[in-house]
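Protein chains: 2
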Amino acid sequence: MRFANARLADGRRHDIEVAGGRIAALLPASNEGDLDLDGALVLPPLVDGHIHLDKTLLGLPWLPNQATGGRVADRIEAERRVRAARTVPESETGANLVRQVMASGTLHMRSHVDIDDQLGLRNLHEILKVRQLFQDLVTIQIVAFPQSGVLRSPGTAALLDAAIAEGADLLGGLDPIGIDGDLDGHLDAIFAIAERRGVGVDIHLHDLGEAGIAQINAIAGRTEAAGLQDKVAISHAFALGSVPTGVAARTADRLAEAGVAIMSHGPGGAPLPPLKLLREHGVRLFGGSDNVRDAWSPFGNGDMLERAMTIAYRANFRHDQELAFTFDMATRAAADVLGITDYGIAVGGPADFVVVEAETLAEAVAARPRRKLVVKAGRLLARDGVVVA
Amino acid sequence: MRFANARLADGRRHDIEVAGGRIAALLPASNEGDLDLDGALVLPPLVDGHIHLDKTLLGLPWLPNQATGGRVADRIEAERRVRAARTVPESETGANLVRQVMASGTLHMRSHVDIDDQLGLRNLHEILKVRQLFQDLVTIQIVAFPQSGVLRSPGTAALLDAAIAEGADLLGGLDPIGIDGDLDGHLDAIFAIAERRGVGVDIHLHDLGEAGIAQINAIAGRTEAAGLQDKVAISHAFALGSVPTGVAARTADRLAEAGVAIMSHGPGGAPLPPLKLLREHGVRLFGGSDNVRDAWSPFGNGDMLERAMTIAYRANFRHDQELAFTFDMATRAAADVLGITDYGIAVGGPADFVVVEAETLAEAVAARPRRKLVVKAGRLLARDGVVVA
Chain A
278 MRFANARLAD
288 GRRHDIEVAG
298 GRIAALLPAS
308 NEGDLDLDGA
318 LVLPPLVDGH
328 IHLDKTLLGL
338 PWLPNQATGG
348 RVADRIEAER
358 RVRAARTVPE
368 SETGANLVRQ
378 VMASGTLHMR
388 SHVDIDDQLG
398 LRNLHEILKV
408 RQLFQDLVTI
418 QIVAFPQSGV
428 LRSPGTAALL
438 DAAIAEGADL
448 LGGLDPIGID
458 GDLDGHLDAI
468 FAIAERRGVG
478 VDIHLHDLGE
488 AGIAQINAIA
498 GRTEAAGLQD
508 KVAISHAFAL
518 GSVPTGVAAR
528 TADRLAEAGV
538 AIMSHGPGGA
548 PLPPLKLLRE
558 HGVRLFGGSD
568 NVRDAWSPFG
578 NGDMLERAMT
588 IAYRANFRHD
598 QELAFTFDMA
608 TRAAADVLGI
618 TDYGIAVGGP
628 ADFVVVEAET
638 LAEAVAARPR
648 RKLVVKAGRL
658 LARDGVVVA
Chain B
278 MRFANARLAD
288 GRRHDIEVAG
298 GRIAALLPAS
308 NEGDLDLDGA
318 LVLPPLVDGH
328 IHLDKTLLGL
338 PWLPNQATGG
348 RVADRIEAER
358 RVRAARTVPE
368 SETGANLVRQ
378 VMASGTLHMR
388 SHVDIDDQLG
398 LRNLHEILKV
408 RQLFQDLVTI
418 QIVAFPQSGV
428 LRSPGTAALL
438 DAAIAEGADL
448 LGGLDPIGID
458 GDLDGHLDAI
468 FAIAERRGVG
478 VDIHLHDLGE
488 AGIAQINAIA
498 GRTEAAGLQD
508 KVAISHAFAL
518 GSVPTGVAAR
528 TADRLAEAGV
538 AIMSHGPGGA
548 PLPPLKLLRE
558 HGVRLFGGSD
568 NVRDAWSPFG
578 NGDMLERAMT
588 IAYRANFRHD
598 QELAFTFDMA
608 TRAAADVLGI
618 TDYGIAVGGP
628 ADFVVVEAET
638 LAEAVAARPR
648 RKLVVKAGRL
658 LARDGVVVA
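So the sequences go chain by chain: A and B. The number in my numbering is simply the position in the first sequence, starting from 1, with 277 added. The number in my numbering is simply the position in the second sequence, starting from 1, with 277 added.
For reference, chain A alone in the conformation it holds in the complex (with noise of 0.2 angstroms):
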């Protein structure tokens, strides 16, 4: 199979030869493909470093946002009461979700999947159905997330433990301070059972100021201490995006040398972490989608096209190596956290990839062009938004 005219990020033409799923060969762009993709650019997999399957409502009648207050702890409470209201089960809004970013272009993510002791592990186990269902298509990694806290939520350490055993790849991790209001006591749970079980772990931080930082550092410490280096994501850390440009800089200093990540989705609402600053402090970025349409936001699609858009348009970004730094924080960065190794657009790589109309990686983040194609393993995934396989 031979997709002729394939325009690659260094703006050249390409034919890409596929055999066994993989790219067999980059040959000189000619007349002679199978598929003829007219000089349309070629991108590597989308990869969503942050997403929440279970959380979704995606396919069901619009839900008016039901929060009585603007604080994450009124946001959890309102996203109880639409839990308990439920009929559809997740792995149905769930697989709804997936479709809609493959066809987006996403090939690889991570999952958070809630776990509290009003839910126990219905969750975990309806979204390992939907990662069964797609487990040729996707990569689908799950986090176990404490979304009531851990020590105000009883049973909920013990519930983190058993989902890891069931199947579930990451611990999370949700503000100790602000939700639990127990930085050691939130921080102790969770990496010990990280460090049993030998699995990382990606903690949610929405606090701010301060004690976000203080929380940041605990962090990198526990992360050095449980030899979990290059393991180990804050997602959100707005906390960064808060106090002064010295701090965030010390900061961002503690979270390299202690090879933390930082995820972002390009918030609206909080402040963004400094993206330029931490990557000049070698501090590992990558983004995700956050909510999709779902008892915390009316907002999201899952594309991480358009996330990489937001995600430079919160940062002011507009260069075009700026808007290619937020590309790879949807693309390669994004692989780099989540552990996957096999990706990219080369000779003897997968052959996965995706087609736009546009010129340049920097029109691509920009526009956000509809895909053309999205291709898995050689073999045609989605066209034009909608799923094919």
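Calculated from the structure, these hints are not laboratory results. Small disclaimer: the values here were computed from a predicted structure and weren't measured. Among the hints, erroneous ones may be present.
Stated by the list, open to error - A short, non-exhaustive set of chain B residues, derived as facing chain A with CB atoms under 10 angstroms:
#1 523
#2 547
#3 570
Stated by the list, open to error - Here are the simulated lysine to aspartate or glutamate pairs, EDC-like style, with alpha carbons at most 20 angstroms apart:
#4 649(B) <-> 634(B)
#5 406(A) <-> 369(A)
#6 553(A) <-> 501(A)
#7 649(B) <-> 661(A)
#8 649(B) <-> 354(B)
#9 649(A) <-> 661(B)
We put the beta carbon where it would ideally sit given N, CA and C, even for glycine.
Let chain A serve as the given structure and place chain B on it in line with the hints.
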């Protein structure tokens, strides 16, 4: 002509009977229409309160952003270089943008048009051609915009006056302190022309902090002195989002008293004015696209439904009534500021509307679905995002 099974904003289904380009009746839903909308949501036309038809590079090869720094002044200089190198007239790219925004459902817009010592009235003449070309389809209001300043760009005041004589509708302005370094001098020049010509004013204001607030208060004072209440707007007004709430509240009272409206595009990197506070204090708010793929910004597509989403996202709005508020900024409220009185879906009103797959206004804002139909004076103008007229 009868459009059957239209869902209106109140959630109910109606048939829309059209005659002579106007809505002759709203009837009970039936199966007897000429076109069955099958319960799709019918929205009033989108209104863009701030676009730059002459700046866009839409339809040209991708041009990386050229600005060498992040200040407004750096971007002005970069644009002067891009302009000087252009070979395609602004009327062509401007028409590309008008077609694109029509396809997304915008039927009324206010375009700023650059006027300075380099350009003279060239861009005005080009955009007057665009207005002529689309005169039966869309309203294009033109602001004579001194993009390089008034005092620091020799001869600009006389050019602005000539622009009004040749068909521009309003006087523009730009950071009287930040760009011209002379608050009174800048406002003297603009308001003298506005008063003499009897036209409104719409001033770009990026300056932050107390300097920005001083300029807002000065504009409010000038508005009253010139008797231009309800004919003046300030675009961006980032300063309102950069000062303590008490200062913003006092400034809001001045704006409301003087009848000065505020335009926001939901900036990515600059502070968002406190929209709820402004509304509570009686300030008229409206939305606009601002830059669309031009020398200032690689982003933007002119879709005002997406813009309503962007404003809501930046404001951290999540509830349905909040999304309806930003929808209003992109429709009715913007029409009011632009003085478009023949507007809205009602018996006797113009048969202008936009059809989308959504259950509610809030869903339309959050999901920004493709425009199934755009109807102008009862005739199909665009279908599925493509102009057909």
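Item to check | Hint check against the structure, violated hint numbers in rising order | outcome: The structure conflicts with hints 1, 6, 8, although it agrees with all the remaining ones.
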